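If you're matching them up, the sequences are chains A and B in order.
Take 1 as the starting number for the first sequence in this note's numbering and just add one per residue.
Take 347 as the starting number for the second sequence in this note's numbering and just add one per residue.
FYI, nobody ran anything at the bench for these hints, they're computed from the structure.
Quantities reported herein were computed from a predicted structural model and do not represent experimental measurements.
Mixed in with the good hints there might be a few duds.
Unchecked claim - If you want the footprint, here are the derived chain A segments under chain B, 3+ residues with CB under 8 angstroms: (1) 147 to 154; (2) 173 to 180; (3) 230 to 244.
Think of the CB as a built atom: it goes at the ideal place given N, C-alpha and C, for glycine as much as any other residue.
This is what each chain is made of:
Number of protein chains: 2
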Amino acid sequence: MSKAVKIGNISIGGGNAVAIQSMLNVKTSLVDKVVLKTERLVQAGCDIIRVSVKDEEDAAAISAIKKRIKIPLVADIHFNYKYALAAIDGGADKIRINPGNIGSEKNVEEVARALKSSGTAVRVGSNSGSVEKSLLEKYGKNEISLAESALNNVSILEKFGVDNIVISAKASSVPLTVATYRYLSKKTDYPLHVGVTEAGTIKMGLVKSCVGIGSLLLDGIGDTIRVSLTADPIEEIYAAKNILRSVGLDKNYVEVISCPTCGRTEYDSVGLAEKVEKLTAGIKKPLKIAVMGCVVNGPGEARDCDLGVAGGSGFCVFFKNGEIYKKVPFDNVDEEFIKELNKIVG
Amino acid sequence: MSKAVKIGNISIGGGNAVAIQSMLNVKTSLVDKVVLKTERLVQAGCDIIRVSVKDEEDAAAISAIKKRIKIPLVADIHFNYKYALAAIDGGADKIRINPGNIGSEKNVEEVARALKSSGTAVRVGSNSGSVEKSLLEKYGKNEISLAESALNNVSILEKFGVDNIVISAKASSVPLTVATYRYLSKKTDYPLHVGVTEAGTIKMGLVKSCVGIGSLLLDGIGDTIRVSLTADPIEEIYAAKNILRSVGLDKNYVEVISCPTCGRTEYDSVGLAEKVEKLTAGIKKPLKIAVMGCVVNGPGEARDCDLGVAGGSGFCVFFKNGEIYKKVPFDNVDEEFIKELNKIVG
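Given the sequences, and given the hints that come with them, work out the whole structure.
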């Protein structure tokens, strides 16, 4: 198991819940916008929010943002160690920086000292596009060089006594991402920030993120996740939540089990499944609802559902825990089923 | 590696390409509709199509359908062995049936004889809702009982000399599905039909299918896949194709690498990424195109892309294989980039 690292008022790793994070796509110095967008993401289920620090104005905005949001704030810094110092000073709960690219050892030492005295966490990592030439030559272009590049950055900070570290090692290739995190999970016990980078638009990016992040989580790898989508960040939160649910790490929701329908289906089970999904979307109760096309597999396949419906000829049957308890003609199915649903989710 | 099984004019297992399949949701006896819908799915990338055989009319329709479609046809039969015989007789390339639930040994023997003399393939399997009580008592409700239930059905057919078998073992739970196929892949070398059953609507079902099917494929498990969505079957094909691409099993397409954008992004990279994705959707060439928000990570992260764009201040840079070769003002970026794109995909 990874060890726990504190990021503001939450901890990741060490058996804590896998935290969902996203990153804002507005300029950080636009504090009002940042706060508003963060609140919207928090409503959707975001646990940690990251902002980029591109210039002095962004760095200066950190403390103002920090005062107005309730979730941990991460400042993302490239190259300029002074922005890192300013962000730590402004109260950032974590900074994302690579000590390998902020210049002299003196710069690293200054950042390390600030991290230690403030207790700020730090994420270091690698990206398949920026692996050091020496590592590429030694190991080739693969999971080992990508992981070792991240671990290099870790050891630079460890030299200065920093240990509240989170590690990432991202690629846009799913197989490379998965292989790299598997390698990292054997080599280190720092918490891992998992994601597929530059995954793409919501269409392909969602698939790549589900496959990559999901398969790692299934094997117990990953302490915080970021779904990267070229889309509204709120889609990243929805996707991240659904991934956690799909791998069984979030059971506190209404799971809608529904079949793909086939030639046996004689009522609009697709429409009903969608209605049920919409009606139960916000409900935080561990329930399973089945919407099945036909009785061939219906009640049997949905034996452990709290409530279910399956189509027959001209009528549907409703069932609870695999036992049929009601027959309803097709015409009234939606209305009646939603009544039954309301009884148990209400 | 699994052994190869021939299904009509394609083979699965034994190192053959992972075949994409779907199932129709119209009544099988409506032959014209079946043929039309199949053609649409084939256009989208479907390799194998399955239809349900609910009654004698459906069984009788198999031969008519078979004459009019080009991809292998699978007949899905529950309980009634006579429909299985009729489907085999009608030229189905594979039947989906469980010998454990078609009655007496004599029935099984008849089906087995028909399978052998015709060379028809057969898929047997289990479903988490229909595991035999004896197995549940012996192993508990887990991957072992679910897998052993499928293997039971295999051995019933093997007794009668049938060996062109494909196996499935499905659950609506992703962790259970993955654990079961991992178990099966160690216990058998028959090809595996992989999918998450009753995965749900396109929203949650897509996530569950990506995580479940994707993580198995990443480990080399799975010879044919079915994405089950409570939606238009064409969505199942799109999802299946994207899963194969995400795990690196289909490289013959235009991959669009695009970042999630952040506060550093000053042009509409989301819009451009979507345009590029649309324009290149049908193109079968192994190309990588990068659409990056900013130059901080842009060219570096997209070093091995055939063409890329990254935003600066007021202008974008275009790059090829990591080398910047052109600067274009924001106003002309979309138009100019699409021109460059057309040069290489043309």
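So which hints don't hold here, by number, going up?
1
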